[in-house]
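Based on the sequences and whatever the hints tell you, model everything.
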Amino acid sequence: MNLEKAKQTVKELNNFIKLTEECDADTFEKKVIREYAIHGNVSKVAKVLNDQGIKVGNRKVISNDISTVIMSKPHLNELHVIVQKIFTRNKKRMPY
6 MNLEKAKQTV
16 KELNNFIKLT
26 EECDADTFEK
36 KVIREYAIHG
46 NVSKVAKVLN
56 DQGIKVGNRK
66 VISNDISTVI
76 MSKPHLNELH
86 VIVQKIFTRN
96 KKRMPY
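Mapping the sequence shown onto the working numbering, position 93 (from 1) lands on 98, and the numbers just tick up by one.
Some hints could be false.
Beta-carbon label-pair distances, calculated as ranges [unchecked claim]:
{"hint": "1", "residue 1": "Glu-9", "residue 2": "Val-61", "range": "42 to 52 angstroms"}
{"hint": "2", "residue 1": "Met-6", "residue 2": "Gly-45", "range": "15 to 25 angstroms"}
{"hint": "3", "residue 1": "Ile-59", "residue 2": "His-80", "range": "13 to 23 angstroms"}
{"hint": "4", "residue 1": "Lys-65", "residue 2": "Lys-12", "range": "37 to 47 angstroms"}
{"hint": "5", "residue 1": "Lys-10", "residue 2": "Ile-59", "range": "31 to 41 angstroms"}
{"hint": "6", "residue 1": "Phe-33", "residue 2": "Asn-95", "range": "20 to 30 angstroms"}
{"hint": "7", "residue 1": "Lys-60", "residue 2": "Asp-29", "range": "29 to 39 angstroms"}
{"hint": "8", "residue 1": "Ser-68", "residue 2": "Glu-17", "range": "23 to 33 angstroms"}
DSSO-like, lysine-lysine: derived pairs with alpha carbons at most 30 angstroms apart [said to hold, decoys possible]:
{"hint": "9", "residue 1": "Lys-16", "residue 2": "Lys-78"}
{"hint": "10", "residue 1": "Lys-96", "residue 2": "Lys-16"}
{"hint": "11", "residue 1": "Lys-52", "residue 2": "Lys-65"}
{"hint": "12", "residue 1": "Lys-97", "residue 2": "Lys-65"}
{"hint": "13", "residue 1": "Lys-35", "residue 2": "Lys-49"}
{"hint": "14", "residue 1": "Lys-10", "residue 2": "Lys-96"}
{"hint": "15", "residue 1": "Lys-23", "residue 2": "Lys-49"}
{"hint": "16", "residue 1": "Lys-52", "residue 2": "Lys-23"}
{"hint": "17", "residue 1": "Lys-52", "residue 2": "Lys-10"}
{"hint": "18", "residue 1": "Lys-49", "residue 2": "Lys-96"}
{"hint": "19", "residue 1": "Lys-78", "residue 2": "Lys-60"}
{"hint": "20", "residue 1": "Lys-23", "residue 2": "Lys-90"}
The set of hints was computed from the structure by calculation and includes no laboratory data.
For glycine and all other residues, C-beta sits at the position ideal for the given N, C-alpha and C.
Structure, rendered in structure tokens:
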């Protein structure tokens, strides 16, 4: 890694932090995106939302609900685009 690449990485990380902290999670979808940005794990996001009493229809939130929102289009905001890239990268690392 060279200095310019390091500066670009820091800039991208600072933008990610800013977007996450400023995210207005006023809908289910935005809550999913924000919580995934914080936790980076669909199971943890589902647990957090269930602990908050959030439901999908009449049932608890499951990991597939989180994955569906993250992979949905059109993107809700710039954070959604970043989270989708992180999710895809994390998913590729999973051994099946």
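Outcome of the hint check:
1. Glu-9 with Val-61: 42 to 52 angstroms: holds, 44 angstroms
2. Met-6 with Gly-45: 15 to 25 angstroms: Holds, at about 22 angstroms.
3. Ile-59 with His-80: 13 to 23 angstroms: Holds, since Ile-59 and His-80 (Cβ atoms, about 21 angstroms apart) stay within the stated range.
4. Lys-65 with Lys-12: 37 to 47 angstroms: holds, 43 angstroms
5. Lys-10 with Ile-59: 31 to 41 angstroms: Check passed, 40 angstroms falls within 31 to 41 angstroms.
6. Phe-33 with Asn-95: 20 to 30 angstroms: Because 21 angstroms falls inside the window, the suggested range holds.
7. Lys-60 with Asp-29: 29 to 39 angstroms: violated, 21 angstroms
8. Ser-68 with Glu-17: 23 to 33 angstroms: For Glu-17 against Ser-68, whose Cβ atoms are near 27 angstroms apart, the range 23 to 33 angstroms holds.
9. Lys-16 with Lys-78: holds, 26 angstroms
10. Lys-96 with Lys-16: holds, 25 angstroms
11. Lys-52 with Lys-65: With a Cα-Cα distance of about 9 angstroms, the restraint between Lys-52 and Lys-65 holds, given a limit of 30 angstroms.
12. Lys-97 with Lys-65: Distance of about 26 angstroms is within 30 angstroms: holds.
13. Lys-35 with Lys-49: holds, 16 angstroms
14. Lys-10 with Lys-96: Answer holds: Lys-10 to Lys-96 is near 25 angstroms, not above 30 angstroms.
15. Lys-23 with Lys-49: The given pair, whose Cα atoms are some 22 angstroms apart, holds under the 30 angstroms limit.
16. Lys-52 with Lys-23: Cα-Cα ~24 angstroms, so holds.
17. Lys-52 with Lys-10: violated, 36 angstroms
18. Lys-49 with Lys-96: Answer holds: Lys-49 to Lys-96 is near 15 angstroms, not above 30 angstroms.
19. Lys-78 with Lys-60: holds, 22 angstroms
20. Lys-23 with Lys-90: holds, 17 angstroms
Checked against the numbered hints given earlier, the structure breaks hints 7, 17 and satisfies all the rest.
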